[in-house]
Every structure is written in structure tokens, then in C-alpha cells.
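Construct the entire structure; sequences and hints are all you get.
Each chain, written out:
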Amino acid sequence: MRVMVKIKRFNPGRDREPYWAEYEVDVEPVDRVLDALEYVKWHLDGTLAFRRSCAHGICGSDAMLINGRNRLACKVLVKELGARITVEPLRGFPVIKDLVVDMEGFFAKYRAIKPYLIHDEPPPETEWRQSPEERARFDDTTKCILCAACTTSCPSFWANGAYIGPAAIVNAHRFIFDSRDRGAAERLAVLNTGLGVWRCRTIFNCVEACPRGIDVTRAIAEVKRALLFSSL
Amino acid sequence: MYVGRERPTGGFEVFAWFFMRISGVVLILLVLGHLAIMHVLNTVDEIDFEFVAARWGSPFWRTYDLVMLWLAWLHGLNGLRMVIDDYVHRKGWRAVTLTALALVGFVLLAMGTQIILTFEAPTSRVTAGLP
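Taken in sequence, the protein lines are chains A and B.
Position one of the first sequence corresponds to residue 1 (my numbering), numbered consecutively onward.
Position one of the second sequence corresponds to residue 1 (my numbering), numbered consecutively onward.
Check each hint, because a few of them may be wrong.
[Stated by the list, open to error] Simulated restraints, written as ranges between beta carbons of each label pair:
| hint | chain 1 | residue 1 | chain 2 | residue 2 | range |
| --- | --- | --- | --- | --- | --- |
| 1 | B | VAL96 | A | ARG129 | 34 to 42 Å |
| 2 | B | MET20 | A | SER230 | 49 to 57 Å |
| 3 | B | LEU103 | A | SER230 | 29 to 37 Å |
| 4 | B | PHE51 | A | ALA136 | 53 to 61 Å |
| 5 | B | PHE12 | A | GLU134 | 53 to 61 Å |
| 6 | A | PRO29 | B | GLY24 | 13 to 21 Å |
| 7 | B | GLY24 | A | TRP20 | 37 to 45 Å |
[What the hints assert, rightly or not] Short derived list, chain B residues pointing at chain A, Cβ under 10 Å:
| hint | residue |
| --- | --- |
| 8 | ASP48 |
| 9 | GLU50 |
| 10 | LEU80 |
| 11 | MET82 |
| 12 | HIS89 |
| 13 | GLY92 |
No lab work stands behind these hints, which were simulated from the structure alone.
All of these numbers come straight from a predicted model, not from anything done at the bench.
Backbone N, C-alpha and C fix where the C-beta goes; we use that ideal spot for every residue, glycine too.
Dropping the structure here:
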């Protein structure tokens, strides 16, 4: 199957502005977009830069804008897109080169919500106990792979890059609703600002973008409700 | 380091969010009732000064309209505040637009409230000084 892959390329050391480059590649219909990108890099133009690690939808390295939607290049098949494929870097992050974006700010926001178990009581002799129901409470948000597809699909984030973003809120949710954790108040304080959860306008782009099927807007709403009930 | 954090807004943003939800639900009921009375059950041909005066003779409809005015106005103002928050980034412009919004919002809300609270229903259009 011959496919035309159009890639938004940019090398800050050389180019004044990003430009579109087109490559004709030979792929199987069941190949992934990542295979098409690798074909370009290995056979047509070795200067093309993109991130990928596990290539199986778990590491979250290859999120990019594919045919206008944020997806993982390793999770979308060529046959789902047809003969023309457009690939752009994630929106709202500075471009380092081609499809590689600067995610420092993204991870700084992730660290800001304290993404680790906070517990000051003495540890039990065996392990922290948790019932299946208590575990189910935050199961959805444990699925996050930090690919940034949600945050970079969010118009609130595009409008204001200082917004903490859906990915950080999802990861705060994962601990706030964990029965073993005692740090909910600290995390809620971080999120209770005009640049925290209250910047979310329930646009739902994040839900559409998440390659892991996380109900992101619901998680954000649950954090908002937790803030409401903790301040009543 | 993450530098995007604003100082905590205390309870205001929580309250504003909750207010939007509650006022939205109440407004759906109030506005549907208002539309039914003013545009479905009565047509614009029947509605005139006396109709409104007679309606405002009852404390129930005054309260109804007052609640609708306050909820709709504050709901809309808070929506505009969010639009400004999203799209006006420069400090000076933020101060100008938010102050203008607060001023216009307060003046118009006060005017509407004053009319609903102090309106006195005259017995006829003539005593009201109308043709």
C-alpha cells in the first residue's frame, strides 16, 4: 500500500519556520503510523526526529497529532487513516526538532501534584491492605502513561500554558482517591487555584485524545467535587 | 521547577464553580416558566404595560423576576470573567477588562433590582403618565 505521509518539520538551528515535508512510503495496511515514520527515517530521510521507545502503546513516547487528532503513532494503523497521513508535533509545547517536543514543563506540573504515596503512619508488618472496592475507586486514573495527548489537546492549555493540565490532575486523582494515601489535602491545595482544576472548562477534548481510554473529564470533575465538599 | 502556580484562590473558585451549576439548573426552570407565560400562553400582542404592572402586583412574580435577574446576570458575568481569564493575558488589560466588567455588572444589576423592588403598579396607564 502506497501512502503519502506529510510531516511538519522544524529544525530550530536551521529553519526560520516549520514547513511541511511529504514522503511516499510503502507499508502494509496493518502497519502502524510509527512503521511509516520509521520507513521515512531509515530509507528516505535520516534527519527526521521523533520519539519512540516501547512501540506498543505503554511507554507514552510517541504521542503526536495524526490527521488532526492526538494519538500514539504505535497504536493507530495505516488502514484506519487511508492513503494520506498528516503528522504534526503535539500542540502547545516548544518544538525541539520535528516531532520531538520539550516536555519539561509538563513533567514539572506532574511533579507538582506529588505523584507518590504520602503516608506518615508507621508501616504495617506485612503490606498496606486495600479492598477491591477501594482499589476500584481510582482504577481508571492508574492507566495514565504520561504521553501528554490530553494536555496538548486542551484549548484551556493552549490559551494559557501555565494551566496545570488534565494529565497532572489525572495523576493527582490517582492518589487523592487511594485509601492508603494521606496526602489528599496537599494535592487539593495545589489544584485549588485559577490555574489548577478551575481552569478546566469541560471541553472533553482530553477524553477523546486519551489513548488509554481514561475518562479524564470525569476524573477532573471528581477532584472539583472533592474540593467543594472539603470546603463546605 | 513548576512556576505556573497562582496563589491559592481560597474558596472563591470553588464557590463560583458551584454557583454556575446551581444557578444553571434553577435558571432552566425559571426561564422556561418565563418563556411559557410571556411568549406561549400570552402572545406579544396581549402583553403591554398593564399586563406587566398587574403581574408585578403580586409579590410572587416580583420575587420570581428578581431571582431570575440575579441568577442570569451573575451566571453570565462569571462566564465572561472566565473568557477574560482565558484570553486576556496582559496584566494591564486584565485589570481594565475585569474592572469594566465588575462596574457595568454592578450598575446594571442595581438598576434592575431597583426597578423590580420599587415599581409601583398604577391603576391605569393615564396615572402612570403614559399615552
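Hint check:
VAL96/B and ARG129/A have their C-beta atoms about 57 Å apart, which leaves the hinted 34 to 42 Å range violated. Roughly 19 Å separates the CB atoms of MET20/B and SER230/A, a value that falls outside the hinted 49 to 57 Å. The beta-carbon spacing between LEU103/B and SER230/A, approximately 34 Å, falls within the hinted interval of 29 to 37 Å. At roughly 58 Å, the beta-carbon separation of PHE51/B and ALA136/A lies within the given 53 to 61 Å, and the hint holds.
The hint said 53 to 61 Å for the Cβ distance between PHE12/B and GLU134/A, and at roughly 33 Å that hint is violated. Between PRO29/A and GLY24/B the CB atoms are about 47 Å apart, so this pair departs from the stated range of 13 to 21 Å. Between GLY24/B and TRP20/A the CB atoms are about 43 Å apart, so this pair conforms to the stated range of 37 to 45 Å. Taken as an interface hint, ASP48/B does not check out: its beta carbon lies about 42 Å from the nearest beta carbon of chain A, beyond 10 Å.
Residue-level restraint check for GLU50/B is violated (minimum Cβ-Cβ distance to chain A is 44 Å; threshold 10 Å). With a cut of 10 Å, the hint placing LEU80/B at the interface with chain A is violated, because the nearest CB-to-CB distance is about 13 Å. Interface restraint check for MET82/B: the shortest CB-CB distance to chain A comes to about 7 Å, inside 10 Å, so the restraint holds. Interface hint at HIS89/B: satisfied, since its Cβ lies 7 Å from the closest Cβ of chain A, which is below the 10 Å cut-off.
A cut of 10 Å between beta carbons decides the hint on GLY92/B: the least distance to chain A is about 17 Å, and the hint is violated.
The structure shown violates the earlier hints numbered 1, 2, 5, 6, 8, 9, 10, 13.
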